[in-house]
Structure formats: structure tokens, C-alpha cells
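**Q** In this text, residue positions in the sequence shown follow this note's numbering: the first is 3, and each later residue adds one.
Do not rely on the hints blindly, as some may be mistaken.
[What the hints assert, rightly or not] As a list, the in silico DSSO-like pairs of lysine-lysine whose alpha-carbon atoms are at most 30 Å apart:
1. Lys154 - Lys622
2. Lys528 - Lys154
3. Lys556 - Lys579
4. Lys175 - Lys622
5. Lys556 - Lys622
6. Lys154 - Lys175
7. Lys622 - Lys687
8. Lys175 - Lys687
9. Lys556 - Lys343
10. Lys579 - Lys695
11. Lys618 - Lys175
12. Lys175 - Lys579
13. Lys687 - Lys618
14. Lys154 - Lys579
15. Lys579 - Lys618
16. Lys622 - Lys695
17. Lys695 - Lys175
18. Lys695 - Lys618
19. Lys579 - Lys622
20. Lys556 - Lys528
[Claimed, not checked] Between beta-carbon pairs, the in silico distance windows are:
21. Lys175 - Glu381: 44 to 50 Å
22. Gly10 - Asp442: 33 to 39 Å
23. Gly10 - Gln321: 29 to 35 Å
24. Phe5 - Lys175: 27 to 33 Å
25. Gln679 - Pro551: 21 to 27 Å
By construction, these hints were calculated from the structure, which means they are not laboratory data.
For each residue, glycine too, the CB sits at the ideal point set by N, CA and C.
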Amino acid sequence: FGFNRAVGRDGTVLSQRGGGVVRVRPDGTEMEIYSWGQRNIVDIAIDPLLNLYTRDNTNDGGGWDIRLSHVIQSANYGYLSLYINFTDEIMPPLADYGGGSGCGALYFQDARWPTPWSDMLLTCDWGRSEVFSHHLPAHGATFDAQQDTFLKLPRPTDLDADGSGRMYVSSWKNGQFNYDGPNIGFVCMVTPIDFVPHPVPDLPAASTAKLVELLSHPADVVRLAAQRELLRRSDSGAAEGPQSSESLSAQLARVAASEEIPLYGRVAAVFTLKQLQGGAANAELRTLARHPSIREFCLRAMTDRVTQLEPLSPEPLIQGLADQDPRVRATAAVSTGRLLKHAIAHGWVVTDVDGQRPADSMISTAASALLPLTLRTEEPTAADGDRWRQADAGRVIPHLAVKALVDISATQECIAALNGPYRQGALQALRSMHNSAAVDGLFQTLSTTRDEQQRRELWSTLIRLYHREGEFTTESPRWWGTRPDTTGPYYDRRTWSESERIAGAIKVALSEADPALTEFLNAELKRHVVHPDGLNPADLAAMQEAEKPIELPKVDASNPNLIANLDAAVVVARAMKQSGNAEAGSRLFRQQSCVNCHTFANGQQPKGPHLVDIGKRYRKEELLESILDPGRKIAQGFDSWTFALESGAVYTGFVVLESAETVRIRETSGVAREIPQQEIEERVKQEVSMMPKGIVGNLTPEELADLISYLQSLH
3 FGFNRAVGRD GTVLSQRGGG VVRVRPDGTE MEIYSWGQRN IVDIAIDPLL NLYTRDNTND
63 GGGWDIRLSH VIQSANYGYL SLYINFTDEI MPPLADYGGG SGCGALYFQD ARWPTPWSDM
123 LLTCDWGRSE VFSHHLPAHG ATFDAQQDTF LKLPRPTDLD ADGSGRMYVS SWKNGQFNYD
183 GPNIGFVCMV TPIDFVPHPV PDLPAASTAK LVELLSHPAD VVRLAAQREL LRRSDSGAAE
243 GPQSSESLSA QLARVAASEE IPLYGRVAAV FTLKQLQGGA ANAELRTLAR HPSIREFCLR
303 AMTDRVTQLE PLSPEPLIQG LADQDPRVRA TAAVSTGRLL KHAIAHGWVV TDVDGQRPAD
363 SMISTAASAL LPLTLRTEEP TAADGDRWRQ ADAGRVIPHL AVKALVDISA TQECIAALNG
423 PYRQGALQAL RSMHNSAAVD GLFQTLSTTR DEQQRRELWS TLIRLYHREG EFTTESPRWW
483 GTRPDTTGPY YDRRTWSESE RIAGAIKVAL SEADPALTEF LNAELKRHVV HPDGLNPADL
543 AAMQEAEKPI ELPKVDASNP NLIANLDAAV VVARAMKQSG NAEAGSRLFR QQSCVNCHTF
603 ANGQQPKGPH LVDIGKRYRK EELLESILDP GRKIAQGFDS WTFALESGAV YTGFVVLESA
663 ETVRIRETSG VAREIPQQEI EERVKQEVSM MPKGIVGNLT PEELADLISY LQSLH
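Required output: the full structure, derived from the provided sequences and hints.
**A** Written out as C-alpha cells, the structure reads:
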């Protein structure tokens with residue numbers, strides 16, 4: 003759900019709602035948000051070229067959908083307020099693999115292993131009991147997805163490698179959601195057939211020259227250790243030896259510039275140089291950036307640490323925005339945003355070809371180079387299913403460019419671009435610019451625009467600016483639970499100084515609009531959940547099935563074949579022998595009132611536990627046991643809660659959806675109830691399942707097998 007007032011060792015204070023990646027130095031300083039809009043990240047994998055990857059997911063109960071993500075600095079991956087209804091604004095995933103439970107991750111790179119296993123991303127999926135390998139071909143500024151099963155073992159949780167070439171994988175075999183005894187889990191070692199572990203170099207005894215050489219070692223574990231040893235020596239003043247005729251900095255620059263050395267070794271040299279010299283390395287990095295093969299990494303290193311930005315000219319970064327290499331353009335967008343955001347905030351003077359001038363005077367120059375990058379250069383591949391699940395390499399650089407425009411506060415430049423070819427990118431950036439200049443500019447443009455489509459886009463942007471995300475404080479709504487409100491574009495919607503002016507204009511527009519514009523404005527008000535006083539948007543809510551209370555089926559006590567009259571072990575044994583008929587199971591799903599409390603297809607209005615891909619997460623035997631004895635083992639996300647209200651009323655149910663204002667639950671009867679957050683005095687987690695025992699008592703074990711077959715067919 004985020005973190006409140008995290009304090010770094012240097013006094014940095016951060017608060018943020020949601021999930022993502024936070025970066026901090028080993029000594030606790032320089033804490034910063036790296037990326038946001040993700041959920042349930044258990045581990046981050048970093049490859050030798052400093053690409054980050056996660057196996058994150060969307061939400062408990064909302065599908066448990068696993069996303070493979072290439073994590074880029076400054077990007078927003080959309081969870082939870084953007085990814086479904088505002089997909090164009092998010093950094094897309096590499097892939098959505100459906101139901102699962104991502105855990106550990108490792109980028110394994112050791113050239114001493116045979117190909118293709120010597121260089122691969124590995125991710126653990128606890129829910130699927132598999133470790134997956136990913137060989138990711140480059141695609142523009144990102145990658146295309148690829149996934150194979152690398153290893154099957156019960157409930158894998160994490161993996162790592164040592165410097166000798168051995169890999170280790172941990173398993174949570176037999177583990178439950180609560181303590182269940184000491185005999186849980188194991189760690190296995192993985193090596194290629196006939197592999198002989200290699201001796202690890204004695205780094206403390208190695209010369210400085212040898213350590214520099216080890217920056218190009220075949221194994222990334224050894225390279226990292228060598229880099230750390232070099233930096234430790236520099237801290238103690240022992241990095242330069244009397245036998246060395248070449249300074250350490252010069253050795254590192256030589257390695258970085260050499261086309262004969264593997265790229266991973268050159269990248270290690272670039273970032274060792276930056277950590278060794280700090281801001282003083284920027285001049286050398288600018289020289290090294292003349293080499294196209296390492297330009298991306300030099301630009302990134304220049305702005306890697308915000309405490310080491312001075313002295314640094316934005317000129318090489320802005321030049322990088324027009325580079326032929328898409329990865330250089332992406333890095334330049336991130337670095338330009340980082341440099342100018344901090345330079346403007348601190349009133350720095352920057353240097354360019356015209357000499358020294360205030361940092362904020364560079365906004366126009368930077369924006370002129372960033373706005374062209376907001377145009378797509380590649381259309382998305384046509385695909386079936388939800389757009390937010392789809393990879394879209396063509397959206398990567400436009401997303402980063404928009405983020406940079408917002409970071410450098412290029413409000414006037416975006417307003418000026420509304421009548422030109424970069425209109426869409428400018429509008430997207432303006433959606434995140436909550437300042438009076440943005441609202442003034444949008445209204446001014448609206449007053450002179452006659453094109454109907456453009457006017458609608460301006461109205462949509464103004465409606466978007468009506469709310470802003472509430473500040474995340476200790477008084478903010480608590481954890482959003484496993485069924486949060488994903489409507490968007492904000493979770494904790496708050497008005498601000500310009501909201502009243504925007505609302506007034508919308509009221510006037512609605513009073514004068516023709517039917518087509520009225521329909522559009524009402525749709526946008528609903529999409530953005532904007533309903534200020536005096537506005538009556540049309541009721542466009544989707545039709546829902548009538549809710550009926552659940553009634554347990556009557557059981558014929560004289561029929562020995564019915565589940566209610568059989569021992570549970572007998573039922574499981576008989577059902578396990580049957581493959582089941584999914585079509586018959588579909589009818590039983592409705593007949594037995596399962597449909598009252600469960601969603602069974604993506605896109606349905608939330609009701610209760612989401613069953614899509616349930617067959618991927620649980621074995622047939624586990625599904626049988628959960629239906630026969632719902633309270634025996636309650637999986638995460640299937641909990642029920644009791645709510646005590648200030649009025650004295652008490653309600654118990656499964657949380658269907660939770661926003662900053664309300665909690666919607668489904669009571670034991672199967673009927674939904676909405677409770678205002680401000681009326682809740684206490685909430686208590688229950689140790690019993692909301693699913694009534696006996697819901698399948700009138701079926702035979704063979705019919706239960708049909709029902710299970712249907713559940714396993716849900717994808």
C-alpha cells in the first residue's frame with residue numbers, strides 16, 4: 003500500500019502510495035523513487051547492462067495476473083489507478099502470463115555455463131511451482147518477451163549464484179499460510195552436467211590492475227565483487243599501488259573505451275569510474291560518450307546520482323534525444339528530466355554552448371527536443387484481449403518523454419504545442435500538471451479552437467485535472483485490501499485550487515451542449531469519477547445481474563451417492579478418478595449459486611473471489627478440498643472481514659472493492675453492501691470462510707468433478 007515518512011540516513015523523507023522500486027545507497031543515503039505503479043514485487047533482477055526486471059502482478063482476487071516487466075527509471079506501470087482504464091498512459095509490461103504468484107528473480111550471466119543458459123533472466127513463480135527462464139531479444143528501447151520452463155519444483159521462492167558458477171534455488175515445499183511445523187522447504191543446487199566449479203579469485207590479495215581486469219570476468223558475480231573491492235580501496239586510499247604507472251581512473255577509462263573488451267566489462271568500468279570520481283567524472287564520461295556503443299551508459303552515469311550532478315551541462319543529454327539508437331534516446335529522456343528537475347529546484351546555473359545561464363531557461367530547449375519523442379514510431383501489434391495486458395514497445399520512449407516534460411515543468415511549452423504535431427504528447431503531459439498555468443492555457447486554447455475532436459480532447463484534459471491524488475500521510479486511508487478500486491485515474495481523489503473553476507466551466511458547457519457533446523462530457527465525467535455539486539451525469543452504469551440471496555440446496559438423506567451423505571475422503575477419491583465435463587460444470591456453477599459470489603471472466607464487475615486461472619494456481623485435489631471444507635485453508639485474498647460501524651451495526655463479508663471513500667462487501671447471503679469508510683469503527687479479519695459449507699452437498703462426486711473441470715477451464 004506504500005510507505006509513510008521513510009527517512010534516509012541523510013534526512014531524505016519520502017512518502018508514496020502504492021508499489022514500485024525505491025533506490026537507496028548502501029549507507030542509507032540518496033533514497034529516491036526509481037519507478038512506480040507495480041504490485042507485489044518480491045525481487046528485482048539486474049542484468050550486466052543495468053536493465054531491471056520484475057515478475058510482478060496486478061492484484062489478489064483480481065486475477066493474480068503475472069506481469070513480466072522491464073523496469074525503467076521514472077516509468078509508471080499503471081497499478082492500480084491507470085492500467086485498466088487509462089492504458090495509454092502507462093509503461094506497458096513485456097508480457098502478461100495470467101494467474102500466478104511471482105517471487106524471486108535473478109539475472110544469471112556466467113559465460114562458463116553452456117549456451118543458452120549462460121545469459122538469461124530467471125523468475126520464480128510460487129503459484130505455478132516453476133522457475134522460468136527468459137531470453138529477451140532487444141526491441142527498440144526495450145525487449146520482446148520470451149518464457150520457458152527452466153526448473154520445476156514445489157513453491158520456488160528465490161534463487162542466487164556464487165562466483166564459482168553454482169546456482170541455488172530455494173523451495174517453500176509443504177509451507178502453509180500459517181506456521182505448520184519445522185519441516186518446510188529446502189535449497190537445491192543447480193549446475194550443468196559435468197560442470198566443474200571454478201576457483202574464486204582472491205580479491206583482497208589482487209593488485210589494482212588485476213581487479214580492473216576482473217571487471218571483464220565471464221561471471222557477473224565476480225565482476226561486481228571486483229568493483230566493490232576497487233571502490234573499498236579508493237575509500238581507504240589504497241587503490242593506487244606504487245607499481246602502477248597509470249592511475250586507476252585512467253585504467254577504467256581505457257577499459258571503457260576499448261572495443262576489444264566485452265560490453266558488460268566496459269559498462270562495469272564506466273560505473274566504477276563514476277563511483278570513484280563522483281561529479282568529477284562527468285567530463286571524462288562526456289568524452290567516452292563519443293563512442294556509440296557505450297553512449298547510453300555514459301549518459302546514464304552522468305545523472306546516476308542526484309548528489310553528483312554539478313558541474314554538468316545538459317547539452318550532451320539533449321543531443322542524445324536525437325540519437326539514432328532508441329536506447330540512447332530513452333536514456334537521454336530520463337537523464338534530461340533528472341538533471342533539469344533538480345537543477346531548477348535548487349536554482350543552479352548550467353552551462354551550454356551559449357555560456358552559463360539559469361537552469362529554468364533551459365526548459366524550452368529541452369522541451370523542444372522532448373516533444374518529438376512523444377510521437378509513436380511503431381504501431382502496437384494487433385492482439386486479442388485486454389490492452390493493458392499487451393506488450394507495446396512503441397509506447398516506451400513516448401512514455402519516458404512525457405515523464406521528462408512533467409519533471410521539468412514544461413507547462414508553457416506543452417500549451418504552445420497544442421496546435422502542432424506533438425499535440426497528443428503535450429496533452430498527456432498536461433494531465434499531470436496540476437498548476438494554474440496549465441488550466442489557464444487549456445481554457446485559452448479551448449476558447450480559440452473550433453475543431454470538434456480537439457475541443458473534446460481539451461475538455462477531457464480539464465476533467466482529468468479536476469482531481470489530484472491525495473497526499474499519502476499517516477491519516478490517509480489504510481491498506482486498500484485485496485479488492486482495491488481500479489477505476490482511476492486517482493485512488494484518493496482530492497480537489498485543489500482550480501477544481502471549482504473547472505467544475506463551473508463544465509456546468510456551463512453542459513447547459514449549452516448539443517446531445518453529442520453532452521454524451522461525451524457525461525462519459526468523461528463518469529470515466530474520471532468527477533461529480534461536483536450541481537452536475538448530474540447520465541447514469542451509464544453497466545447492467546448487472548439481479549442479486550439473489552444464496553440458499554443452500556436441499557439434500558435427499560436417503561441417497562447414498564450424494565456428497566452430503568459421504569465421507570470427504572471418499573468424495574475426493576471418486577472425483578479424482580473423473581476427468582469431468584466442463585460444459586456440465588458450467589451449468590452446475592450457476593445452479594449451485596457459485597455465480598452469486600464469484601467472477602469467472604476478465605472484465606466482469608467485481609463480486610468476490612476471481613476464479614480465472616484458478617486451475618493454474620491450485621491442483622485439482624486442492625480445489626476439491628477447498629470446496630468440501632472451505633474453512634480448512636483460506637488462501638490469501640479469500641479472507642472475510644467483520645465491520646463494526648459507529649452506528650452499532652455489524653456486517654460480515656468478503657471485500658469486493660475498496661476505495662478511499664467506501665468498502666463494498668458481499669455478505670454471506672451473496673448480496674452486496676457498500677459501507678462508507680468514515681463510518682467504520684473497527685474491522686476484524688475472520689478465521690472462517692465466507693463460502694458456506696454444504697454448497698455442493700446435493701451433488702454426486704462425479705458432478706463435483708464436472709464443476710472442477712469447469713473451474714480448470716477458466717482462462
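**Q** Do the alpha carbons of Lys528 and Lys154 lie within 30 Å of each other, as the hint requires?
**A** Answer violated: Lys528 to Lys154 is near 46 Å, above 30 Å.
**Q** Would you mind confirming whether the straight-line C-alpha gap from Lys618 to Lys175 stays at or under 30 Å?
**A** It holds: about 17 Å lies between the C-alpha atoms, which stays within 30 Å.
**Q** Run the distance test for Lys154 versus Lys622: straight-line Cα separation, threshold 30 Å.
**A** Since the Cα atoms of Lys154 and Lys622 sit roughly 18 Å apart, the hinted pair holds (cutoff 30 Å).
**Q** For Lys579 and Lys622, compute the direct alpha-carbon distance and say whether it is at most 30 Å.
**A** Cα-Cα ~11 Å, so holds.
**Q** Need the status of pair Lys175, Lys622: alpha-carbon distance at most 30 Å?
**A** holds, 18 Å
**Q** A range of 21 to 27 Å was offered for this pair. Does it hold for the Cβ distance of Gln679 and Pro551?
**A** holds, 26 Å
**Q** Are the Cα atoms of Lys175 and Lys687 separated by 30 Å or less?
**A** holds, 27 Å
**Q** Does Lys579 lie within 30 Å of Lys154 when you go C-alpha to C-alpha?
**A** Holds, at about 25 Å.
**Q** Is the Cα-Cα distance between Lys556 and Lys579 30 Å or less?
**A** Holds: Lys556 and Lys579 sit about 26 Å apart, inside 30 Å.
**Q** Does the hinted range 29 to 35 Å hold for Gly10 and Gln321 at CB?
**A** This hint holds: roughly 33 Å between Cβ atoms.
**Q** Compare the distance between the alpha carbons of Lys687 and Lys618 with 30 Å, and conclude whether the hinted pair is satisfied.
**A** Given that 30 Å is the threshold and the Cα spacing comes to 27 Å, the pair holds.
**Q** Within 30 Å, alpha carbon to alpha carbon, are Lys556 and Lys528?
**A** violated, 44 Å
Of the numbered hints listed earlier, those contradicted by the structure are 2, 9 and 20.
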